[in-house]
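Number of protein chains: 2
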Amino acid sequence: MTFTDAIAELLYGEQRRLVDAFEDYDGGASFRREPWRRDDLGSGTVCTLEGGRVFERAGVNVSSVSGAQAPPAITAANPDLVGKPFRATGISMVLHPLNPHAPSFHANFRFFETGRTWWFGGGLDLTPAYGYEEDAVHFHRTLREWCARHRLGRYPEWKATCDEYFTIKHRKEMRGLGGVFFDRLGGQEGDDFAEHRSLVADGLASVLTAYLPILDRRRDLPYGDRQRRWQLLRRGRYAEFNLVYDRGTLFGLQTRGNIEAILISMPPLAAWGYDVRPEPGSPEEDVRRFLRPHDWAGAEVRGPVEVSS
Amino acid sequence: MTFTDAIAELLYGEQRRLVDAFEDYDGGASFRREPWRRDDLGSGTVCTLEGGRVFERAGVNVSSVSGAQAPPAITAANPDLVGKPFRATGISMVLHPLNPHAPSFHANFRFFETGRTWWFGGGLDLTPAYGYEEDAVHFHRTLREWCARHRLGRYPEWKATCDEYFTIKHRKEMRGLGGVFFDRLGGQEGDDFAEHRSLVADGLASVLTAYLPILDRRRDLPYGDRQRRWQLLRRGRYAEFNLVYDRGTLFGLQTRGNIEAILISMPPLAAWGYDVRPEPGSPEEDVRRFLRPHDWAGAEVRGPVEVSS
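Residue numbers (our numbering), protein chains in the order written: chain A, 131 to 439; chain B, 131 to 439.
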């Protein structure tokens with residue numbers, strides 16, 4: 131079994147577990163679970179739920195692709211890989227709740243192998259339409275704790291990477307309140323595959339603990355047209371980020387991947403308005419302070435937590 | 131008066147005329163007309179209408195920008211311009227009608243000047259959610275006639291350029307049923323500025339004759355939830371094209387232009403669904419045949435129409 135196969139096995143197992151858990155949690159709609167295979171590209175399983183009680187749209191995808199040449203989305207940041215064959219496997223999930231008070235959640239983990247080199251990338255992040263400090267703190271603390279359980283974990287660094295990565299540059303604002311994000315973890319002589327795998331497995335195990343307590347608090351809050359409209363406008367920003375900047379999306383579009391699977395990250399419904407300016411002091415204006423880098427996990431975090439393995 | 135100033139004068143005048151005409155035609159809502167100026171960038175006037183009787187959203191923008199270095203969106207196709215200062219002025223309009231039977235319309239014309247070189251680009255295209263042959267034929271014939279009035283006009287070539295340009299490559303389908311599109315017209319020693327200007331002025335004069343007769347036929351057709359849903363899904367494709375491929379949008383985002391002005395091209399509301407497959411034989415499926423290159427103007431068009439000026 132190659133490294134890629136071992137990670138694919140982990141990811142398909144986590145996909146089943148998470149899809150079952152989200153379906154139970156929703157209690158209204160079921161996931162479609164569709165395996166796909168294309169000889170020229172690879173294979174995967176797309177799991178989607180639409181029109182649920184909690185989730186307006188949810189998607190959890192696993193795919194494994196390979197190619198004779200690493201695509202531009204990879205080689206732009208890794209010019210040494212131009213023209214090299216590659217294998218990649220990844221899991222990606224996006225959940226867009228119906229209630230405007232409940233934030234959208236995104237996570238992905240991916241593994242890339244070329245020749246004798248391999249590395250992991252991934253992260254988790256949260257995108258609210260309305261800001262709630264306790265949600266931001268819970269989310270970031272859960273991620274910090276995950277990182278603290280692993281010698282490889284680097285919460286402050288990965289948080290900063292996430293803040294920067296999930297920035298809508300033309301808006302000068304973050305897509306949401308961040309989370310953690312890392313890329314090209316591994317790839318050095320002597321790196322321990324099992325240790326890296328364990329970090330990622332534990333990251334996937336943290337998905338539900340990071341997200342569900344927040345949904346518990348928000349899923350049934352009352353809302354009306356004003357809140358729904360605001361949610362749709364914020365989702366427009368989400369769509370902007372995904373289509374203009376997101377590396378995973380661009381990788382998928384460039385490799386002419388399974389387009390429907392790649393674009394499950396898109397919001398089910400999104401709006402654009404001209405120069406919309408929320409009233410000063412309104413909750414709609416308040417969310418802006420969540421859309422810039424902030425130490426949500428707490429000021430006591432001063433550096434990477436080193437835990438011997 | 132520089133060439134750029136002369137074109138800007140033309141475009142601002144056409145903006146006033148078109149905004150007045152669209153507002154009259156709508157009969158329900160008025161345009162906001164907002165001049166803007168940014169010392170580091172340039173200036174412009176944004177005209178937007180939202181929530182009208184005919185138009186859910188309409189925008190007609192004129193802007194003039196300059197910079198010390200041509201941005202990547204320009205130099206990608208014109209590597210000789212890397213590092214050169216430039217001036218650019220352009221008009222861009224996008225109209226998204228409320229009625230799902232009425233197509234969205236887009237046109238833009240732009241003028242680019244660097245050193246002693248100048249050229250024009252632009253075009254007009256139509257994006258229906260439902261296909262009507264008579265609309266497609268009327269639209270393309272109007273554009274063909276415009277081209278036929280000018281020695282510089284190249285309907286078949288510009289139509290083919292438009293078909294190719296407005297293709298959503300990852301979907302292997304066109305954004306709409308095309309129109310005409312040209313780029314870098316001019317730029318050669320001996321090119322006649324006045325003749326080029328006249329072509330563009332006449333293109334702008336063709337906007338209403340190309341579009342309003344189609345709206346007359348579609349604006350009041352009955353529709354329900356099914357048609358609205360389909361319209362929103364098709365608008366999702368529109369958003370995909372604009373954010374992933376459209377050169378004007380990317381130019382604007384890269385130059386950190388007036389973001390609200392640039393993104394008035396976005397649909398007011400758009401939807402994404404997973405693997406939506408319209409019923410065979412339905413009107414929703416039928417529109418697919420409009421989303422690939424087709425000689426709508428009629429088979430008698432065999433080559434460029436040469437009219438002596």
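Quick caveat, the hints were computed from the structure, so don't treat them as lab data.
Computed from a predicted model, the values in this text were never measured in an experiment.
Hints are supplied without guarantee of correctness; some may be wrong.
Repeated chains share a single entry, so a pair holds when one copy, or any two copies, can fit it.
As the list claims (entries may be wrong) - Once the Cα atoms are required to be at most 25 Å apart in a straight line, the calculated SDA-like pairs of lysine to any residue come out as:
| id | residue 1 | residue 2 |
| --- | --- | --- |
| 1 | LYS302 | ALA198 |
| 2 | LYS299 | ARG168 |
| 3 | LYS214 | ARG327 |
| 4 | LYS302 | ASP210 |
| 5 | LYS214 | PRO343 |
| 6 | LYS302 | GLY172 |
| 7 | LYS299 | VAL406 |
| 8 | LYS299 | ASP322 |
| 9 | LYS302 | VAL406 |
| 10 | LYS302 | GLY354 |
Structure-based check of all given hints:
Taking the shortest Cα distances, LYS302 and ALA198 sit within 25 Å of each other only across copies (22 Å), while inside one copy they are farther apart (37 Å). With identical chains, the CA atoms of LYS299 and ARG168 are at most 25 Å apart between copies only, with a shortest distance of 18 Å across copies and 35 Å within one. In this assembly of identical chains, LYS214 and ARG327 lie within 25 Å of each other by CA distance solely inside one copy; the values are 24 Å within and 49 Å between copies. Taking CA atoms no more than 25 Å apart as the test, LYS302 paired with ASP210 passes in neither setting, with 31 Å inside one copy and 31 Å between copies.
Within a single copy, LYS214 and PRO343 get their C-alpha atoms no closer than 43 Å, and across copies no closer than 54 Å, so neither meets the 25 Å cut-off. Taking the shortest Cα distances, LYS302 and GLY172 sit within 25 Å of each other only across copies (19 Å), while inside one copy they are farther apart (37 Å). In the homo-oligomer, the alpha carbons of LYS299 and VAL406 lie at most 25 Å apart inside one protomer (18 Å), although the nearest pairing across protomers, at 32 Å, exceeds that limit. Taking the shortest Cα distances, LYS299 and ASP322 never come within 25 Å of each other, neither inside one copy (36 Å) nor across copies (40 Å).
Proximity of LYS302 and VAL406 under a CA criterion of 25 Å is satisfied intra-copy only: 16 Å inside one chain copy versus 34 Å between copies. With identical chains, the CA atoms of LYS302 and GLY354 are never at most 25 Å apart, being 29 Å at best within one copy and 39 Å at best between copies.
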